[in-house]
Structure formats: structure tokens, C-alpha cells
Amino acid sequence: MRILTAIFLLAFPCMVWAAQSATETDKELLLLLQSEAEKIQSISSEFTQEKHLAMFDEILISTGYFAFKKPASLRWEYTVPFKAGFLLKDGEGTEWDDASDTQKAFTLQSNPAMSMVAKQIMAWTTFDIQWLQSRYEIKQISTSPAVLELIPRGEIAKEFLAHLIVRFGPDNASLSSLELHEIDGDFTRIVFTAPRINTALPNETFTSVQ
Amino acid sequence: MSHNSITQQVYNYLKDKRGRAYLLTLAFLLLCLGAFFTATIRADIKTMLPEGEDGALSRDFAMLSESSLANNVFITVHGKGNASRQELIDSANQLSSQLSAPHFNMIDPTSVNPLKVMNFLLDNAPNLLNENDMARVAERTQPDAVKTQLDADFRQLTSPKGMVMKSLIRRDPLGFRALLAPRLKTLNALSEATIENGHVFSKDGTAILLTAKSDIPLTDADGAGQLLAIFNKAADTLPPNIEAEIISGHIHTVANASTIKSDLLTISLVALVALGLLFVLFFRSSQALGVFLVPAVAMCSAMGGLALFSETISAIVIGFGAVLIGISIDFAMHVYFAIARHNGSPGDATRAVSRPILFCGLTSCAAFGALFLSGIPGIRQLALFSICGLTASVLFSLVILPHLCRYAKVVHSQKSNNKSGPRRPRLTLGIWAVVMIVCIWFGSAVSIDPDLRNIGYVPESVQKTEQRFADIWGNMRNRAVIFAQGENLETALANNERVNDALTANFPDIAIASLAPLIPSFKTQSDNSERWKAFWSPETHTSIIDAINTNAQSLGFSSKAFLPFENALNSAPAPITPGALDSASLGLIKDMFLPDTTSGETTMLTFLPDSAEVRAFFSPDKEEELGVHLISNARFKAALETAMNSDIKHFIVVSGLAVIFLAFVFFRDIRRACLALLPAATGIVVIFGVLGATHTDLNLFHITALPLVIGLGADYGIFLVSRETQIFELSTMAAVKVSGLTTLAGFGVLILARHPSLHSLGITVLVGIGAALICALYIMPHLLRRTS
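The listed protein sequences derive, respectively, from chains A and B.
So that you can map any letter, position 30 of the first sequence is 30 in our numbering, and since no number is skipped, the others follow by simple counting.
So that you can map any letter, position 130 of the second sequence is 130 in our numbering, and since no number is skipped, the others follow by simple counting.
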């Protein structure tokens, strides 16, 4: 499966680098979002994920917890309807899943799939504008609160992903929700509730599964 | 009529027809040049490789050339310190955008579409899954396993990876891809690199590999220089913490071309000064200029002669032949000194030296003739080239040169030499004997360097870059290649599969890269397909689909969620052909493992480590049994070493015997014949002694210079022993000294060259001719005086 996941890395929307312009976007807004994101040293939040997939009769709703601390500590876990997720600190991490009751250690160097997932989540959290612009064409939908539409640039990414809708909170300091719209009409919405910014996060958040 | 009187009569005959003789000579030389320029010149190393038994090694080399990555350009982008993956990706992208055709045709690793690859495997599961795999399919289709797998599918669809996995899960809800994906692992055996964001990352994630094909031939030094300049310009624009390094045969082309160019400039200047000094000291006459025409005449004749007998000519042979043929000037010097010192007519003087010159020419031709016994085509060409050149120089020296330097007079400084006789004979001979014993002692330890790469010039910076490349990406030079060939595709596929099975069974721990797991033989595919059909009987089909639907429903899947899986079960795929890899976005892989060859047979490659165990396993019998052929760098080296060992023995024994025979025929006296050979023997022994003492391995260019030392050394000996018999009474010592010094000035300065091949030649000539000359001038007079 390692080979399989490694191969699937190609599917991430990172194939073509971009002209570093934001012709259709208010540059000032992007800079403002970035400057707000730069103030974030840590962030944690519960989230609710809705999966609107044609292959399910109903919407799949799951909830979980997310935490990030600079420079590169991350925790992403689902708590309902099942427990699974991963945590990461200093390039080393652990994946777990209660179905198989297993924990699997990994490093970013040995597991590029997880590296890519982590990079995506961190890029959104810190609003890494350079990284995002290299992979997405960014369009501004509204200003206050900021809503952006992102269209992937990579050819293989375009086979899956039509566009993303990113909504910021009222203070534009952090993400309020993220929608990933697929080519076939399916979409995923992740809503972050009451994000806590720059609060003290115990070290165990990023080192201990429990 | 003796040949002596013939030379005199020829001189007299041409006395009134000098203009016509010069014109005829010029016409002959132009004819030779014309013949040469119509021949095909090859600049590659192929002609310098041994042919092996029945040309087997030549065929191996041709196969390897057609299949290797030799024309690819590899670029490593890595950080100086702690560069992030993103910085590496950005830099790699920036670099790629600046490198364009024809110098760089960048190969895009993103052309491999993972979804297409996985769908290709799933579509062809009936063709690919063997008996063992079907046992695991049976396990995965048990009710409990179906429930577990669908639960895993559900979780995966919920996770961040769900979006890209969705279509695959619909196509393969039971996870058969886990049985098929290991077939791709075989391709990873080429390197431990991983593909991330469309870039090839090193195992530790600190470097990105860019690959390009170049339209610039490796032999095009100018084009290679432009390619390197474009790369350096692009690399200079990268951020300060990122570095890009290039690995390509073009770098070697540029390094060798520029080194040879600078070497030739240095050597030419030093040689010109040295030759000028000799001219001032010993000639000081425009009459001597004719002497310096002889190498040009020899060169033109040699090129023409070679073109007459060889369809293709090696540029390496021309280059080194040009250096070796410099010895042709010696014959002209003896003629010049004879005329200058003789009181009679130039015809008389020429007659006096014609016999030893003819015999010296014969001994040199015999020495170079031994090269005909070589198993290396280029060396045989060198033999023909040298003999043609030497023959022309002897004829020119005896027939035309006497007319060109008929007014030659010796300068004063030459008349004063040899006034004092040899001193302290016992001490001199004792020192010589000790030197010989020491050289034989050290010379016995000389070994052969069969690595052709060491003949080329590789700057230290390039060596370090190549080492770093090998450290990061693995050393491709340490890989062996197995060629599975067949008159048709099925035979090649079957042989390829058979060897893969044998390797997997006998070497379970080594990394084998082969297409066999992706394209088994049609027979195997047919057997697999039958087994698949037998498994999916209508009853099994119904029960498994029911189990899927029941579990899927409980997890909330829609009734059509796994329709693609059901549809696939109802269709039978056609057998996999290489063309199918193109539509699976694996065209790059197909080209690497299934190269286009000129042999007309389908050829499939397997890459594996070049270990002693692997080489031992692939004995000729085993290769025949499996219908494959293993080619390895280590085997190449061993074959080259054997060929070079055999060549050295042949050169020394055959040229030695031929020269001894000719010396005996000339003198009809064993003692004199042996004495005449003393300088040549001294030269050879000292060469081996110096190489052994300096721990220098004998390479191809040392070997090609040995006949030169034997030939020239024998010439000195023959002329000096001729004094004893008073065949001619002219100043032999002066002629030998001047010709020896000329050779050292002209070719010994090659020791200043940085290029290994020129340097090897320079060392051999300097040491060998230097020792032969010292023997002729300071050892032989003691022995001659005592016996006269």
C-alpha cells in the first residue's frame, strides 16, 4: 500500500508552478490574510466534515479535532463516527485507526503521502500565499468576511478537483470553512468551530495519540 | 645489383628530374589525403574495445549502447544546508523552465498518471493474478473480509485522501489493488526515489532529479559546450541555498576536448622551443627543413593507407597514430647527417646509410606489426597506420630527401663530440645492471587497468559530482542488464518471464527491475485468465455481489456505488501487449525496458545488481537454458583485462622475436644482434620498472607506445653496432643523439599533458626512449669497444 499511496501523491494539485500574479484577486486582501495568518503561533479547533457523495445515500457527517503549532506540529483526528487520524511533530508522526486498532509511526521523509496531506493542511492554516498561488488560481468572491475561490492548476489535480471555496472568519484571522468541489459534482465541506488562536497547547497534543 | 647501388642509381636518375619527383610525391600525398577524406571516421570508443570470442563483446557493447541511458542528461537539485521540499520543487521548476530543446528535452515524470496505472492493473487483473494471487482473492471475498474491506473503504472515503481514492474504491471495493500494486515495486528497484508533486525525490527527500534527453551528440564538443553553458547560466539564477549539478556524457566531452586543446597548446609550445633549440645546436641550415617534412609525408601516407584497407577509421587511432609516427623523422636524420658529413655526392652518402635505415624501418614495422595480433580493432588499425607511415618515411628519406638536403653541411659543435672515449666502464655497466635488476623487480608488480573510463580526462569536480550523484540516486554503473530476446514478442516475453522467475527464486533479497510482473507471456496471461473465469462462476459472482451490497447498504452506500466493479467483472480484457503500457501512461517505462534495437529481434531488459553471485549464476549454460544474456560492467572489465593481457604478451613476444630475427639477419652474428637489441630491451624494462615503482597500472595507451620504444630502441642499437662492423663511418653517435633528443622533445613533453591518454603516452616515450638513448650513448660504447 505504501507504493500505492506514494503513487497517488501525483494526484495532489501541485504539478505546475504558477506565474506569481494575482490578476483577478485583490492583492491587498491576500496580503492582509497572510499578515493575519502570520500572527498565528498556534491554533486548535473542532471541525465538522460533511461529505456530499453520490455513492452514498446520505450525507456523511464526521466530527473531529484539529490543532497546529508553529513551526510544524499538527494533529488531525476524527472522533465521530470512528476514531482515526494522525499527529506530527518535527517531521515524525503517528497514524492511528481504531478499526484495526493499530498505530503506525512514520516520518515525512519516508511517507511522502502524509507529508503532502500535512503540507496542504498547514498551508491553509497559515495561509501560505506563495505556496497556494503556485498551485491554485485564486479568485476573490467577497471581502468581508473574505471568501476565495481556488481553481487547481495541475493537470492531474484537475481530473479530481473542480474548485475550492475558502471562507474566513469575521476577523479574517482564520478559516471558517473549506469546501472541496469535485469534477463529478460531489463536494466536501469542513466547518471549523470556535477556533482558539495562540492558546497554550500541551506538547502531548502532537506526541500522544490519546 | 645490391640495394645500395640501387639507392645511388635512383639518386642519379632523379638528379635531373627533381621537379617531377617533387610533383609526383605531392600528387601521391594528395591522393592519400583524398582517400582519407572519403572514409568514415568514428570518434567513439567502440573501436578500442576487444571484439571477444566470435565478436561477442562487440555485440554486447552494441546492445548496451542501444539500451543504456547514455544519452540522457541527469540534473540533481539539492539544498546547501536545510532547504525545504518546497524550495527544492520551486527551484526544480525554475530550472526546467530555462532548459529547452534541442539541448534539453525535459522528461516529465508527471506523464505517469497514477489513476491510469491503477486502472490498467485492475482492468487486467484476470491476466495478471496468478495461482497464489487467486488464493488471496478467495480470502478477500469471504463474507467477513468483505465487511472489513468495505468498512475500510468507508473510512478512507471520509479521510483527506478520500477524494482521490473515490473512483478507485468504486472500481475495486474489495481492495484487489493491494495484490496488484506490488507489481509496480519492481520498477522502484531502479532507484529508491519517490515521486512527489510530480517530482522525483531522493529517498531522504533532500534532492530532486530532473531528466532530459538531448539532441546534441556526445561527440559534438561545441554542442556539448553550449549545453553546459546553458545549464550553468540557468543554475546561477537559483536561490543561494539551492544548488544544481549536471551528470551527462557531454561534460566528459567538453572536459576532454578542452583539456586536449590546452594540452596541445602547452605541449606544442614546449616542443617547439625544444626542437628549435635542437635545430640551433645541431642543424642551423635551411637544408634541414626537408627532414621536418618527413612526419607530414608519413602521416598523409598512413591516413591514405588506412583508408584503403578500412571501411571505418577510428579518430582515436588517427590522433595517437599521428604521435607515434613522429619516429619516422629518425630515418631522415640519419640520411641528413650522412649527407652533411660525407665528402662525396649525396647519392654516395645515402647509399652508405641505406642498409641500416632499411633494416631499422623493417624492425620498426615488425614492432608495430605485432599490434596486428591484438583483439582490439583500433589497435590493429594502429598497426596498419604505423606501417604505412613508416614505409613512406623510409622511401621518402632514401629517395626524395637526399635531393632536398643535398647541400647540407654539419655545424661545428657536432664535430667535437665523441672526442673523449668511454670512462669507468665497470662502474657504468655495474650501475646499468643494478638499474635493470631494480626495474625488473618493480616491473614484475605492474598490473593492468582495464577501465576504459580512466583513459578519459575527468576533472576532480566532475568526479565529486558523479560520486554525490551515485550516493543520492544509486550507482547505475554497478547494475547488470539481462537481455531477453526473441524472434517474436511471445518468445521475448516468455524468456523475460522465465528469467524473472529464476531471479526471484534464487535471489529473493536483491532488487530486480523487470517488466515481467506487468507483462507476463501470453501463455501465462491465458492461464491466469482461465483461472479467473473459473473462480468467478455464476454462483460465486452472485454470492460475492450480494455480500458487498448487504454490507454497503449498512454503511450507507448507494445501490449503484460499486457498479463499476460489477461491470468490470462482466468483461474479459484482451491480453496485455507493450502498447497497452502507453495507454496506461507507462510509455516511459516501456521505452526503458523494451528498447528499439537494430538486431530485428524483440529485446526486453532486466536491471539488477552487478554482483559476483549474479555473474556466477548466469553461466553460458544457464544463459542458454533461460534464453537470455547477462551484460555487466565487471564482465566487460574482465574481458578487456584478458584481451589486454593477451595483447601485451603477443606484442612483446612477437615484436621481440621479429626484431631479434631481423637483427640477426642484418648482422649475421648473435652477439651483435643481441647488442643491437640492448637499447630496446633497456627501454621496455625501465618502463615497467617505473610504472611498478610509481604504482601506475598499465593502460591501453601505455601498451600502444611499447612498439614505438622497441622500434626506436632497435634503431639506435642497429646504427651503433653498425659502427663496429664499419658498415658506415659517419657520425652515428651524433645522429642517434639528435634523433633521440628530437623524439624526447617532440613526444616526451606529452608528460606535461593533463589528459590521461596523452600523459600515458608521454610517460612511456620519455621513460622508454630516455632509457634506450642513455643505453645507446653511454652503455653500448663500452660493450662495442671491448668486442671490436
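Honestly, I wouldn't trust all of these hints.
[What the hints assert, rightly or not] Lysine-lysine pairs mimicking DSS-like chemistry, simulated, CA-CA at most 27 angstroms apart:
hint	chain 1	residue 1	chain 2	residue 2
1	B	Lys161	A	Lys69
2	A	Lys69	A	Lys83
3	B	Lys637	B	Lys649
4	B	Lys409	A	Lys70
5	B	Lys80	B	Lys161
6	A	Lys139	B	Lys203
7	B	Lys649	A	Lys104
8	A	Lys69	A	Lys89
9	B	Lys203	A	Lys89
10	B	Lys213	A	Lys104
11	A	Lys158	B	Lys17
12	B	Lys161	A	Lys70
13	B	Lys17	B	Lys637
Everything labelled a hint here was simulated from the structure, so no lab data went into it.
These numbers come from a predicted model, not from an experiment.
How the hints compare with the structure:
1. Lys161/B x Lys69/A: holds (23 angstroms)
2. Lys69/A x Lys83/A: holds (22 angstroms)
3. Lys637/B x Lys649/B: holds (18 angstroms)
4. Lys409/B x Lys70/A: violated (93 angstroms)
5. Lys80/B x Lys161/B: violated (33 angstroms)
6. Lys139/A x Lys203/B: With a Cα-Cα distance of about 37 angstroms, the restraint between Lys139/A and Lys203/B is violated, given a limit of 27 angstroms.
7. Lys649/B x Lys104/A: violated (64 angstroms)
8. Lys69/A x Lys89/A: holds (9 angstroms)
9. Lys203/B x Lys89/A: holds (20 angstroms)
10. Lys213/B x Lys104/A: violated (41 angstroms)
11. Lys158/A x Lys17/B: This hinted pair is violated, its Cα atoms lying about 88 angstroms apart.
12. Lys161/B x Lys70/A: holds (24 angstroms)
13. Lys17/B x Lys637/B: Distance ~57 angstroms between Lys17/B and Lys637/B Cα, so the pair is violated.
The structure fails hints 4, 5, 6, 7, 10, 11, 13 (numbered hints given earlier, in ascending order).
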